[in-house]
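J.: Listed below are the residues making up each chain.
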Amino acid sequence: MSDIILAEFKSGTAAEDTPRIVAMHNADIGNGKTKLISLATILILLAVWWLVTSLKLVTPLFLPTPAEVVTQLVAIIEDGYANATLWQHVSASLLRISVSAALALALGIPVGLAMGLNRWAKGIFDPPIEFYWPLPPLAYLPLMIIWLGIGETSKIALLTLAMFAPICLSAQAGVRGVPLERVNAALSLGANQWQVFGAIMLPSALPEILTGLRIAVGVGWGTLVAAELIASTRGIGFMIMSASHFLATDVVFVGIAIIATFAFAFSYVLRWLEIVLVPWKGKH
Amino acid sequence: MNVMLKIQNASVYFAARGGGTVKALDHVNLEIHTGEIVVALGASGCGKSTLLNAIAGFLPISAGAITLDGQRIERPGADRGVVFQKDTLLPWKSVLDNVALGLDFAGLSHAVARENAAGLLKLVGLEDFAHSAPYELSGGMRQRVGIARALATNPAILLMDEPFGALDSFTREQMQELLISVWSKTGKTIFLITHSIDEALSLGTHVVVMSPRPGRIIARYDIGFVRHFLKCGDWGTIKASTEFIRLRETIRGLIHQSDPQSEIRSAVHV
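From first to last, the protein sequence lines are chains A and B.
Here my numbering runs 773 ahead of the position in the first sequence, where the first position is 1.
Mapping to my numbering: the second sequence position 40 is 34, numbers consecutive.
Watch out, some of these pointers could steer you wrong.
To be verified - Straight line, CA to CA, 30 Å or less: simulated DSS-like cross-link-like pairs of lysine-lysine:
(1) Lys116(B) / Lys179(B)
(2) Lys233(B) / Lys1054(A)
(3) Lys116(B) / Lys87(B)
(4) Lys1054(A) / Lys116(B)
(5) Lys179(B) / Lys17(B)
(6) Lys783(A) / Lys895(A)
(7) Lys17(B) / Lys0(B)
(8) Lys225(B) / Lys783(A)
(9) Lys1054(A) / Lys80(B)
(10) Lys17(B) / Lys116(B)
(11) Lys225(B) / Lys116(B)
(12) Lys233(B) / Lys179(B)
As the list claims (entries may be wrong) - Derived CB-CB ranges, DEER-like:
(13) Asn799(A) / Lys0(B): 35 to 43 Å
(14) Gly113(B) / Ile802(A): 25 to 33 Å
(15) Ala234(B) / Gly971(A): 51 to 59 Å
(16) Ile897(A) / Gly181(B): 46 to 54 Å
(17) Ser126(B) / Ala1004(A): 44 to 52 Å
(18) Asn799(A) / Gly133(B): 18 to 26 Å
(19) Ser126(B) / Asp899(A): 52 to 60 Å
(20) Asp216(B) / Gln966(A): 23 to 31 Å
What the hints assert, rightly or not - Examples of chain B residues toward chain A, derived with CB under 10 Å:
(21) Asp122
(22) Ala124
(23) Arg143
These are calculated hints, taken from the structure and not from any lab test.
Think of the CB as a built atom: it goes at the ideal place given N, C-alpha and C, for glycine as much as any other residue.
One chain only, chain A, in its complex shape (with noise of 0.2 Å):
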């Protein structure tokens, strides 16, 4: 054996005394703090606004200062604009985006599971929802004006169907990207048909559809001005759109402001919801 084993060592180093500790590159940018980073970029994007305002750069048409803004906020919560309180113009956006983000989860979830499982759904679905997703919502407004008039209905059709593509989609994408082992394991637990669906199914697809829930609320914001378009008297987008009419600048970026601040607000929210509702996203 000597010419196979030509010698052996046993382990007896000295420990360091000062461990250097090290770790390996990140390809991306890894676990970096960047949150000190972007309030930076804010605060400076900020003094930027005010400097070119307040030196008069710009005529305050184009962009009205940081002070000008806030007065005009301030002036909108306390006497409304036009002929409505900012309550009134908030809630009114709320109340569309919420009923329509409800409608297209109900619609978009059932056709996007059934179309995922079963080929007659997939057939019958797929045509149209290629045909009109890609679409911009602004393109078929008028068809919703001419088919359901200038009332409230037109405007939820408008939001819904702008959300319950990606809400369709990822169910389908879900239940698509459902593990052939999971299910089979499911089957040899003595697993029904209706129990592979329950309870490996539907959570399995669970992440994907908040992440398509996400991406909808999105779509539904950027359509919301264009839905309010329509013969509007009250709603955030309508304020927005009025405003420009009357080259009220600082109305406009009160209005963007509202928006942009709820926004947040809703991915805030579904952030949080994938937090609490599927814990296991990315772990396995």
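Once you've looked at the hints, dock chain B against the given chain A.
T.: The following block gives chain B in isolation, referenced to the frame of chain A:
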């Protein structure tokens, strides 16, 4: 002893990519009796996974018959517990709820199902992790949960698809000993597939060697290393014994001979 699982002339043909058929299983005959650990051993592509999938009911067979207690196998069922190579635990359920899954499907009350599941977790040594999430466990621990889950419905036979193939060799040895202890305590009939000769000899009361293209059983050994281990508890002496080494080399030779690629290998060792 009664024949529990009977495989008669089972063949499985797949469509080949360029047209024609691949004989994944070719006239396989095998009988498994109650209380045996039958290990199917072979290189990849020898049809051992196909055989397991057919017994589990995941895959229909092209010809022949597979019967369990005289009943023809047509679909998956709780009478055949399956442990997969890649664990298939549900990440949204706790370890305990994962083990109870089959009992929930069977409609047992929540409390009874949890009580049974807790007993099985104790059997695999994971009683302290009942309320952990699967992704908090190591690979070896997850496979133990997989074994407990498959045992929960009290299946007639446990089918194990390279259950320890993804584990490191130290964990693998621990898992083999755990499986032997589970087997000795429950007397469960086990069909296990592996590509490790060492694992086959350590675990099997019977080892069938399979060869690829077409997938066939080319040899069968009835061996007693596992029963010997239960008596003496020391793998060192068993694995260093002449019988173990000789059989390992015989099987290695068999598998290499049956592999069409062995010509390449002999060309390397000039």
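J.: Each of the hints needs a verdict: does it hold here or not?
T.: So, going through the hints one by one against the coordinates:
1. Lys116(B) / Lys179(B): Distance of about 12 Å is within 30 Å: holds.
2. Lys233(B) / Lys1054(A): 43 Å, violated
3. Lys116(B) / Lys87(B): With a Cα-Cα distance of about 18 Å, the restraint between Lys116(B) and Lys87(B) holds, given a limit of 30 Å.
4. Lys1054(A) / Lys116(B): 28 Å, holds
5. Lys179(B) / Lys17(B): 39 Å, violated
6. Lys783(A) / Lys895(A): It is violated: about 65 Å lies between the C-alpha atoms, which goes past 30 Å.
7. Lys17(B) / Lys0(B): OK: Lys17(B) and Lys0(B) at ~20 Å, within 30 Å.
8. Lys225(B) / Lys783(A): This hinted pair is violated, its Cα atoms lying about 34 Å apart.
9. Lys1054(A) / Lys80(B): The hint holds at about 18 Å.
10. Lys17(B) / Lys116(B): Violated - the C-alpha atoms of Lys116(B) and Lys17(B) are around 43 Å apart, more than 30 Å.
11. Lys225(B) / Lys116(B): Distance ~23 Å between Lys225(B) and Lys116(B) Cα, so the pair holds.
12. Lys233(B) / Lys179(B): 23 Å, holds
13. Asn799(A) / Lys0(B): 35 to 43 Å: Violated - the Cβ-Cβ distance for Asn799(A) and Lys0(B), about 56 Å, lies outside 35 to 43 Å.
14. Gly113(B) / Ile802(A): 25 to 33 Å: 47 Å, violated
15. Ala234(B) / Gly971(A): 51 to 59 Å: 53 Å, holds
16. Ile897(A) / Gly181(B): 46 to 54 Å: 53 Å, holds
17. Ser126(B) / Ala1004(A): 44 to 52 Å: 57 Å, violated
18. Asn799(A) / Gly133(B): 18 to 26 Å: At roughly 24 Å between Cβ atoms, Gly133(B) and Asn799(A) fall inside 18 to 26 Å, so the hint holds.
19. Ser126(B) / Asp899(A): 52 to 60 Å: For Ser126(B) and Asp899(A) the Cβ distance comes to about 42 Å; the hint is violated.
20. Asp216(B) / Gln966(A): 23 to 31 Å: 41 Å, violated
21. Asp122: 21 Å, violated
22. Ala124: 17 Å, violated
23. Arg143: 7 Å, holds
Going down the numbered hints, you'll see the structure goes against 2, 5, 6, 8, 10, 13, 14, 17, 19, 20, 21 and 22, while the others check out.
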